[in-house]
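Under UniProt numbering, the residues of the sequence shown are numbered 1 to 50, in order.
Hints may contain errors.
Stated by the list, open to error - Pairwise CB distance ranges, derived in the manner of DEER restraints:
no., residue 1, residue 2, range
1, D28, S7, 29 to 35 Å
2, S41, F14, 48 to 54 Å
3, F14, R48, 49 to 55 Å
4, S7, M36, 51 to 57 Å
5, D18, F39, 40 to 46 Å
6, S7, A37, 28 to 34 Å
7, I17, R48, 43 to 49 Å
8, S11, A45, 49 to 55 Å
9, R34, V9, 49 to 55 Å
10, R34, I12, 53 to 59 Å
11, M36, A10, 34 to 40 Å
Don't read these hints as lab results, they were simulated from the structure.
Think of the CB as a built atom: it goes at the ideal place given N, C-alpha and C, for glycine as much as any other residue.
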Amino acid sequence: MQHLHGSHVASIFFVIIDIFVKLLGLYDRTLRRRYMAGFSSPLLANFRAA
């Protein structure tokens, strides 16, 4: 019974990790895109001005 409980907790834990990793990946992708857009626009503006 204890082993069954342990494996059940582990499966829930892995599901939570999987969801967390997916959310983190999604957040990282949008953050990187926003950062690159925010970083490249002043860079391009400075390049055009120079």
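Handout entry: Hint check for R48 and F14 - Cβ pair distance inside 49 to 55 Å
Key = holds (50 Å)
Handout entry: Whether the CB-CB distance between R34 and V9 falls inside 49 to 55 Å
Key = violated (37 Å)
Exercise for the section: Could you tell me whether the CB distance from S7 to M36 stays inside 51 to 57 Å? Expected result: Because 43 Å falls outside the window, the suggested range is violated.
Exercise for the section: Using the Cβ atoms, figure out if M36 sits within 34 to 40 Å of A10. Expected result: holds (38 Å)
Exercise for the section: Please test the hint of 28 to 34 Å on the beta carbon pair from S7 and A37. Expected result: violated (45 Å)
Problem - C-beta pair I17, R48: status relative to the range 43 to 49 Å that was hinted - result: Because 46 Å falls inside the window, the suggested range holds.
Problem - S41 paired with F14, Cβ distance criterion 48 to 54 Å - result: Violated - the Cβ-Cβ distance for S41 and F14, about 41 Å, lies outside 48 to 54 Å.
Exercise for the section: Given the hint of 53 to 59 Å, check if R34 and I12 actually sit that far apart at their C-beta atoms. Expected result: violated (33 Å)
Handout entry: Cβ separation of S11 and A45, checked against the hinted range 49 to 55 Å
Key = Given about 51 Å between the Cβ atoms, the range holds.
Handout entry: Pairwise beta carbon distance, D18 to F39, judged against the given window 40 to 46 Å
Key = violated (31 Å)
Practice task
Mind checking the hinted window 29 to 35 Å against the Cβ distance between D28 and S7?
Solution key: Distance hint for D28, S7 holds at roughly 31 Å.
When the structure is compared with the earlier hints, violations turn up for hints 2, 4, 5, 6, 9 and 10 and for no others.
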